[in-house]
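Number of protein chains: 2
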Amino acid sequence: MSAPIELPFETLSWQGGLDGHVRMIEQTLLPLEEKQIEVRTVPEMVDAIWRLAVRGAPAIGVAAGFGMVLGVRGAGPDDDVLELARETKRTLDAARPTAVNLMWATDRVLRHLETVDGDGSELKAACLREAIAIYDGDRATCRAMGELGAGLITDGESLLTHCNAGALATAGMGTALAPMYTAHAQGKRIAVFADETRPLLQGARITAWELQRAGIDVTLLTDGMAARVMDEGKIDRVFVGSDRITRNGDVCNKIGTFQVALAASHFGVPFHVVAPLSTVDPHLHSGRDIPIEERPAEEITEGFGRRTAPQGVKVYAPAFDVTPASLVTSIITEVGIIERPDTEKVEDALRRGGVSL
Amino acid sequence: MSAPIELPFETLSWQGGLDGHVRMIEQTLLPLEEKQIEVRTVPEMVDAIWRLAVRGAPAIGVAAGFGMVLGVRGAGPDDDVLELARETKRTLDAARPTAVNLMWATDRVLRHLETVDGDGSELKAACLREAIAIYDGDRATCRAMGELGAGLITDGESLLTHCNAGALATAGMGTALAPMYTAHAQGKRIAVFADETRPLLQGARITAWELQRAGIDVTLLTDGMAARVMDEGKIDRVFVGSDRITRNGDVCNKIGTFQVALAASHFGVPFHVVAPLSTVDPHLHSGRDIPIEERPAEEITEGFGRRTAPQGVKVYAPAFDVTPASLVTSIITEVGIIERPDTEKVEDALRRGGVSL
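Just so you know, the protein sequences line up as chains A and B, in that order. To convert, note that position 119 of the first sequence is 121 in this note's numbering; the numbers rise steadily by one, no gaps. To convert, note that position 58 of the second sequence is 60 in this note's numbering; the numbers rise steadily by one, no gaps.
To be clear, the hints were calculated from the coordinates, so they are not data collected in a lab. Treat the hints with care, as some may be off.
No copy labels: a pair is met if it fits in one copy or bridges any two.
As a list, the in silico SDA-like pairs of lysine to any residue whose alpha-carbon atoms are at most 25 Å apart [stated by the list, open to error]:
#  : residue 1 : residue 2
1  : K236      : L329
2  : K316      : I218
3  : K37       : G307
4  : K37       : V118
5  : K347      : R92
6  : K190      : K236
7  : K37       : E8
8  : K316      : L84
9  : K37       : G217
10 : K316      : R215
11 : K37       : K316
12 : K236      : S267
13 : K236      : V315
14 : K316      : A187
15 : K316      : R297
16 : K316      : F306
17 : K37       : Q313
18 : K347      : E149
19 : K190      : I7
20 : K316      : A127
21 : K316      : D138
None of these values were measured; they are calculated from a predicted model.
Whole structure, please, built from the sequences with the hints as guidance.
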């Protein structure tokens, strides 16, 4: 694997030693202001997670890992560090109860501490090491997917993405955007079209910001434009992320992804899903099994500070859709590319990734 | 044909005799306020058209016809009514130079006046009659398309539409919404899903308002949701309008329509285009020949009253897309339904409609 690619911004990182702090981009101010905040206590971290100053499943996991350090590092010689860690986990887990990566990370740190045989200061040092291992692991995963995805991109290509599966959702280069950052760093000339992604406009607010900040040519579209832009021959390839992939290769992602996949299929444009193996839920056999969250009506009727629909109108707002495996050209994971995914190929990749089925 | 269907609002109409006025809904206040304005002079009509108080190609045509009446009715015994009509036409035509229906209507009134053999007061009366004939013709066309389209709808169906091709775009029941109003008046229970239609949100602001106002069950979606909602089995049929249809049956309509058509095709949901024969441009052989207007970037980056994208980001904003005839189940016109349109069938319909090819 080649040297890590440096982006001109960092979503979050640990600064200094055990007495250090977390530095993160205050994402609520994007895209109009780029501001770093310093997080030094557990209540500050809970607040940052709750306010969405840090968002995106992998980034939340990394933040929670660091939060564990903030919770235990102040322990005195008479304090029970393990007990403090359990308490910190409870506090952090409550910040966003539906974020599975949050609980996954606090669990991982806690389980690691339970295996450490040492005094309080050794436990504290182990806590920092484990949190940084989570951070490093996330970055390595992004890098691996970026390399694999970039291998598909040739010089001069135009790419399309939907929502934000970028650096700002991870501690590294992101998932769907990792191939773009990598191809750009390799000197390939690329142009990216980004869907604005209603209702919450993550494409306009976040994807457009981070690509522009990294010096990548980015053009904003509304969510109804992909088919037209493909019809004009402007798109060579689609990269999207995923919130959940089922064993048969069906891909759950932000609402609107399915329509992009249909357009890509119509025009023969390759449709790539970039997602770490942890996105695959081995308990679900097909997309039919995925429960779809609904968003509040107000995000559609008054999403931008003023009302744009009649009072009392009904709204239906599924937050995600499921693109059937038959429309997916490939799933790019950190252990390899799954071409034309089906149950056999996905299970194969899970086994290679060490998941027992 | 059955009795006209009365909607609980009227987009625009002429009130009284030659000394009357135009009453219209002030559409710029929708969806939050329903207000009627009275237009009594040519400058007031130019202002109403320019401000988009009245919008939609057919409605603008009707408004312009009435505008001709406002321009000539004050003529004294020594005034040249024809000269006054020509002057009025020039003033009205400049209100929205790209609105072809505007010029079509002022032309039609002027040409009619040129055939009238009579004095000034006879010319003035003829002007009002011709303007009302345009109004009546538009309403009759909507009614005919509504009847044909409603014939396809069975009790209990859920329908989807994109943008606004409704009563508020015409002097009658609209185009795409005419089958819905007609089916509703026939006592069929229907539910309508309306795409919000970025960038200008005509679906959220106008379609949702007029269907709700008419007592039809309407639910708002964002533009990326149609495929998901169809995947859930919630849509039985799609009705959309059109801005231009080419001889081979390709359909130009508001951006986002093509993606709805692709989703409908994927799920086997019938996709109907409702458009008067005047929408067919016999000079264009296929959708490739249609020039596509681009919208200003600000409608996307600051469309909701505050900026939602980074400063300086590029935007690509085609206002329309072209759905290929192969994805169109039928085109519903005032002279009949063109099933699975192709060049032969479209030319056939044009001939039946009296268009010489």
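Comparing the hints with the structure gives:
1. K236 to L329: both (20 Å within a copy, 21 Å between copies)
2. K316 to I218: between (40 Å within a copy, 11 Å between copies)
3. K37 to G307: both (23 Å within a copy, 23 Å between copies)
4. K37 to V118: neither (37 Å within a copy, 73 Å between copies)
5. K347 to R92: Cα proximity of K347 and R92: none, with 38 Å in one copy and 69 Å across.
6. K190 to K236: Result: close within a single copy only, 17 Å intra versus 44 Å inter.
7. K37 to E8: within (19 Å within a copy, 57 Å between copies)
8. K316 to L84: Neither: 50 Å inside a copy, 51 Å across copies.
9. K37 to G217: within (18 Å within a copy, 49 Å between copies)
10. K316 to R215: Classified as between: cross-chain Cα gap 13 Å, same-chain 38 Å, threshold 25 Å.
11. K37 to K316: Between. Shortest inter-copy distance 23 Å satisfies the 25 Å Cα cut-off; intra-copy 38 Å does not.
12. K236 to S267: both (15 Å within a copy, 23 Å between copies)
13. K236 to V315: So K236 and V315 pass the 25 Å test across copies only (18 Å; inside, 37 Å).
14. K316 to A187: Only across copies: K316 and A187 sit 21 Å apart there, 47 Å inside one copy, limit 25 Å.
15. K316 to R297: within (13 Å within a copy, 29 Å between copies)
16. K316 to F306: Both: 18 Å inside a copy, 20 Å across copies.
17. K37 to Q313: This pair counts as between: shortest inter-copy Cα distance 16 Å, intra-copy 37 Å.
18. K347 to E149: within (21 Å within a copy, 52 Å between copies)
19. K190 to I7: within (14 Å within a copy, 61 Å between copies)
20. K316 to A127: neither (54 Å within a copy, 47 Å between copies)
21. K316 to D138: For K316 and D138, the Cα distance exceeds 25 Å both inside one copy (45 Å) and across copies (34 Å).
Violated hints, listed in ascending order, are 4, 5, 8, 20 and 21; each of the other numbered hints is respected by the structure.
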